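6 protein chains.
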Amino acid sequence: MISSETSQHLKHAGTATLTTQLFKRGLHNVFIQGIRRMSATRENMVGEAFTLRYIPAREDLDLISVFENPEHPQRKAIETVPPGQVLVMDCRRETRAASAGDILLTRLKVRGAAGIVTDGCLRDSDAIAVMEFPVYAAGGSAPLNLVCHHAVDINMPIACGGVAVFPGDVLVGDGEGVVVIPKHLVDEVARDAHEQEMLEEFVIGEIAAGRPLPGTYPPNADTLVRYREWRQRRDEK
Amino acid sequence: MISSETSQHLKHAGTATLTTQLFKRGLHNVFIQGIRRMSATRENMVGEAFTLRYIPAREDLDLISVFENPEHPQRKAIETVPPGQVLVMDCRRETRAASAGDILLTRLKVRGAAGIVTDGCLRDSDAIAVMEFPVYAAGGSAPLNLVCHHAVDINMPIACGGVAVFPGDVLVGDGEGVVVIPKHLVDEVARDAHEQEMLEEFVIGEIAAGRPLPGTYPPNADTLVRYREWRQRRDEK
Amino acid sequence: MISSETSQHLKHAGTATLTTQLFKRGLHNVFIQGIRRMSATRENMVGEAFTLRYIPAREDLDLISVFENPEHPQRKAIETVPPGQVLVMDCRRETRAASAGDILLTRLKVRGAAGIVTDGCLRDSDAIAVMEFPVYAAGGSAPLNLVCHHAVDINMPIACGGVAVFPGDVLVGDGEGVVVIPKHLVDEVARDAHEQEMLEEFVIGEIAAGRPLPGTYPPNADTLVRYREWRQRRDEK
Amino acid sequence: MISSETSQHLKHAGTATLTTQLFKRGLHNVFIQGIRRMSATRENMVGEAFTLRYIPAREDLDLISVFENPEHPQRKAIETVPPGQVLVMDCRRETRAASAGDILLTRLKVRGAAGIVTDGCLRDSDAIAVMEFPVYAAGGSAPLNLVCHHAVDINMPIACGGVAVFPGDVLVGDGEGVVVIPKHLVDEVARDAHEQEMLEEFVIGEIAAGRPLPGTYPPNADTLVRYREWRQRRDEK
Amino acid sequence: MISSETSQHLKHAGTATLTTQLFKRGLHNVFIQGIRRMSATRENMVGEAFTLRYIPAREDLDLISVFENPEHPQRKAIETVPPGQVLVMDCRRETRAASAGDILLTRLKVRGAAGIVTDGCLRDSDAIAVMEFPVYAAGGSAPLNLVCHHAVDINMPIACGGVAVFPGDVLVGDGEGVVVIPKHLVDEVARDAHEQEMLEEFVIGEIAAGRPLPGTYPPNADTLVRYREWRQRRDEK
Amino acid sequence: MISSETSQHLKHAGTATLTTQLFKRGLHNVFIQGIRRMSATRENMVGEAFTLRYIPAREDLDLISVFENPEHPQRKAIETVPPGQVLVMDCRRETRAASAGDILLTRLKVRGAAGIVTDGCLRDSDAIAVMEFPVYAAGGSAPLNLVCHHAVDINMPIACGGVAVFPGDVLVGDGEGVVVIPKHLVDEVARDAHEQEMLEEFVIGEIAAGRPLPGTYPPNADTLVRYREWRQRRDEK
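Order-wise, the sequence lines are chains A, B, C, D, E and F.
Be aware that the first sequence starts at 2, since it is given in this note's numbering, and climbs by one per residue.
Be aware that the second sequence starts at 2, since it is given in this note's numbering, and climbs by one per residue.
Be aware that the third sequence starts at 2, since it is given in this note's numbering, and climbs by one per residue.
Be aware that the fourth sequence starts at 2, since it is given in this note's numbering, and climbs by one per residue.
Be aware that the fifth sequence starts at 2, since it is given in this note's numbering, and climbs by one per residue.
Be aware that the sixth sequence starts at 2, since it is given in this note's numbering, and climbs by one per residue.
FYI, nobody ran anything at the bench for these hints, they're computed from the structure.
None of these values were measured; they are calculated from a predicted model.
Wrong hints could be hidden among the right ones.
Unchecked claim - Here chain C is said to cover these stretches of chain A; the calculated rule only asks that three of the stretch's residues, wherever they fall, bring their Cβ under 8 Å from a Cβ of chain C:
#1 51-62
#2 204-210
Stated by the list, open to error - Pairs of lysine to any residue residues, derived as SDA-like cross-links and limited to a Cα-Cα distance of at most 20 Å, are as follows:
#3 F:Lys184 to F:Asn30
#4 E:Lys184 to B:Asp61
#5 B:Lys25 to A:Glu69
#6 A:Lys184 to D:Asp63
#7 C:Lys25 to B:Asp61
#8 F:Lys25 to C:Pro84
#9 C:Lys12 to C:Pro84
#10 A:Lys25 to F:Gly27
#11 A:Lys238 to A:His195
Note that beta-carbon positions come from the ideal geometry of N, C-alpha and C, so glycine has one too.
The following block holds chain A by itself, in its conformation from the complex (with noise of 0.2 Å):
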């Protein structure tokens, strides 16, 4: 379970701070490749992955009869997610055919699942791009993911994007995209992150009035000062 500071920090920090609060602990492939954000929410998603594997479809056994099984592992999926966590699905990157669709996504918005990222494609992109829940996805692509994909297993190790991702890591999503947060690191990721966004918010208002980069970004010792008081002043509001 995330705790509510951390949740809290994360629902406010960017993807960009993420990533580079993970660079300084040595994580340097942590960004998932080639998604965007498809739906209406302009809020963070910040949640736990729950994971969801793909594997190359094969003729013999996906035939569209195998949805009539609950226990096909798509279906499960979207069952069993907990609440707050991420559904997220490995698809190789394959972006020929989707990976989900809109009645699915209703679903887990239902079920109360924090989002769902996948580096396949999503169909129903039109009535997906209204709904007010995170959904990160590689692009709209009509047909069906029998086409291209075999549903495996659940809550294993996946690549997604590029990224290592393992049951129970934190993902964070804005409108850049989705950074995968190991587990271990998450509260203190979260915690530097909101340091470190309170005094981008400073230096960008110091940039903007015309600073210029040496000294205010990164500050010296005197930008410190000054953004000490920034601070104190904004904590009184």
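Since the structure of chain A is provided, determine the placement of chains B, C, D, E and F on it from the hints.
Structure of chains B, C, D, E and F alone, referenced to chain A:
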């Protein structure tokens, strides 16, 4: 000619639904890859394919003076596509140059074409973005077609975005992209797609209201009973 | 320096028109590939190129402490690009990390730069999306530049999106992308583009009113007579 | 276990023939893409799949010390693949690092494995090039697997070169590449492939002797009579 | 028909030399990309282009029974390419399946074709590797052409490896690849290539003997004097 | 200058071993991607980097007459690379044209260069294939460099195959490819690679003789005792 009932159904069927109907008939590769809707139209594009084929340009053939010849295949295609048909271009998915621009698209629209689809790019995308005319392409690219493309023939079978397009095949486009329906299947696919759309409209309401996937999607006997009641009420309105 | 007449013409010429003018002069590869406008500006970007070159990062060199040095080439470039010029970055079309973010872009804007072009990505794309400053990039990507990029030198000839950019070349950007005009051609290209834009404004009106392509586009003698009359009426207003 | 008759047939069937037999059964996607034979073996590789799965590396997990643990999945896979089986690795077609090297391949060979297939790369390719052991990979690449790959589990269904591989599927490799035969089809595919190979051996002799394609390939009734005579003479030897 | 003198020159000219001659005439895009020589031939391939065009396969059309029809375009092409000509196939650079195999290639050879070029793959590459017949392809791939390719027409202008090929253009292949020479240029290009080859044979001897590049390559007046003497001595032998 | 001991070690170390040594020092991206050895040399290439940088060609600059100028950067580079150094070219991984050919390579060899590395292509690959000179490139391509490349400067830091190369870095090439060793690390990396090669020679003998991976690779205390005895016996010979 597309029958008016079929046309009506296709005007209101999503490409997701249509690809599912084609999947059920053993056709997996029917969705044009790598393109998107670039204009302001929000209604479905429906029309038979009229094709134009490009091969790579050759510097001694593809001079700017070629357009003075009204028999130049690109210009000829624009002037001869029958009203109600879709001009489909094979650009070998090459995106480094345009395959047409706003003047040609305006002429197409005035002539009553149903739309344009190219797996290459288009120029003048700012003007295209506000056109009320169905336009699908890989994106915007300023350089004129002669940089990359030699227009070679009209109304031959072509490749477009990785899909076979035969003249007379029916193309349907929505916000997700464009599906190619072989002409001999168009009536049955349209009819079954209409039925599927009805059912899915009902199902998504059920799911939004909290029903679980098992038993609802795909529907079991109980759900189908409720569906038929809903359908009857809907038809009575 | 760009003359005021040339600047005026370029402010109102589309990149489609400009690439056609360069094609007529034998230059085929002048449109930067793989980028798009990411900010809120709707006016053309016009300015001379000031370049920054990155090579791949090396872990022992590209530590977060490098930014403390005001001579770091990325920071130096932001602080030294002359007002009215465009900062152009060579990122080897690598999109897995950012090449700058909103703080640096704010500084660029404050300093009076004409815009920024990178064939890599930028971070903070939500903030960039509302900036009134011309920004062109391959997309948004959160990880900081040090993950992939080592800033190496300033104002050398570079590659950007597959196009050669020499310092002092003139860049023009519209909603479609960015064209690179070799400096010795800029005045004649601007003048002829202005003439072409006038003619095409007239032609598109003719086509919208129902005239066929042959004789209108390209124009024959009759059309040119009507064009000159239209032009005269227009100039008299 | 593969029966000895089936094994015999597969040892002498080309992957071209086997993919045709699978095509006739509705399976189109059975040939592993993007790999080649890297060792000196000239005989077919035949064996059941034993799988190893990698996901992207994470810097804090994939330290060089991981190999000290004999339970590390890569090392465990090498030590536990049963004799006569093929180790198949899912490297997400990532070619920037190795997935094994000559020491591990030597161990595999000593342990009696039937071969190794990876859609990633291998290191020590000079040594591999002279090994008498079936080795298929995307190519040679020196960096150790930890740069890109985190070994995660053993004998799960995987993707390899765009094809689904289930543990127990039968892999056959020749100079062209590797075909994956679903286990329940292996006997009939092997038998029919054997028949097809016989026929094609006859046909190629006919074609080489000057017969035209029509009537010979595919064979008409006359050709089949001659084929049966040839087959009888051949069997009598 | 290619004149015997031109043919003689082309038999001994490298594709490097021929592309330089075409560059001097303003043709930059004449070398077929993404293919390699797959057979045992070490002599140049020279012949006029006879073309076959594929579009993407469609499951209901591309059944294995199509080959029973001698009018199937692929089979028809093999049976009708005139002796001395090169069969060139447009496979849209799709490499996931074959476009022909050793039986068809044997027939081509028996019929006296000058060679085969495809920007797709070929099957039976082990057998092809030892054929004394010029074969150029993107590589080996076992699946039969029907998986990806629908043969559609013969002797139309096509794209092959990113280059325009018109029927009758002259193709020359060596160990590096294949160049396409527009038919109206073939005699002058062959003649000048012959001269260039002579000069470069001399130059490489000079360079190997220690002369520096300046003055030798390109040759200055002195070098040209020595070249003419060398040429005379050579011709006298 | 590379010390003679270091040079000796590098002459006999594989790139696999060297990348492992660099990995241990935190350097993950040191192996040039997408190239292969194209010549007949079987010994390691060892030398310091001397660099040449290309940007995309521009038709008005890159005329065939440029080579008449001995100051043309490509020609200048060939004539000035010091003996024992490796000419490394940045071609932006563009493979549609050559970056040099056999005449220039012959000159390089005569001048005593240690080898050539390019992430573009080379022409005259048949001649190169039999040269006793270390040549690494992305492959063979006939078109001359002016089609794609504008040579721009010498001995600046460059990108080559996705790796940063600074003048003076040490390049080592074997049959697998080329590793780039930052100059300040070369002595310690060479020394430790030598030690690692010794140990692996011993280990592979042990594995070939039937020892299991655990305890042998990586070696435990027992194995290390045996290794030291083996090493002593070996050194005594």
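Given pair status - aspartate 61 (chain B), lysine 25 (chain C), alpha carbons within 20 Å: holds (13 Å)
Distance restraint between lysine 184 (chain F) and asparagine 30 (chain F), which requires alpha-carbon spacing of 20 Å or less: holds (15 Å)
Are the Cα atoms of lysine 25 (chain B) and glutamate 69 (chain A) separated by 20 Å or less? holds (15 Å)
For the pair we were handed, lysine 238 (chain A) and histidine 195 (chain A), check the Cα-Cα distance against 20 Å. holds (18 Å)
Checking one constraint from the list: CA of lysine 184 (chain A) to CA of aspartate 63 (chain D), max 20 Å. Satisfied? It holds: about 16 Å lies between the C-alpha atoms, which stays within 20 Å.
Taking a Cβ-Cβ distance under 8 Å as contact, does the region 204-210 of chain A have three or more residues in contact with chain C? holds (count 4)
Can you confirm whether the C-alpha distance between lysine 25 (chain A) and glycine 27 (chain F) stays at or below 20 Å? holds (14 Å)
For the pair we were handed, lysine 12 (chain C) and proline 84 (chain C), check the Cα-Cα distance against 20 Å. holds (17 Å)
Keeping to a limit of 20 Å between CA atoms, is the pair of lysine 184 (chain E) and aspartate 61 (chain B) held or broken? The given pair, whose Cα atoms are some 12 Å apart, holds under the 20 Å limit.
State whether the coverage of the region 51-62 of chain A by chain C holds or is violated, taking the criterion as 3 or more residues with Cβ-Cβ distances under 8 Å. Violated, because only 0 residues of the region 51-62 of chain A bring their Cβ atoms closer than 8 Å to Cβ atoms of chain C.
Is the Cα-Cα distance between lysine 25 (chain F) and proline 84 (chain C) 20 Å or less? violated (46 Å)
In the structure shown, a violation is registered for the earlier hints numbered 1 and 8, in ascending order.
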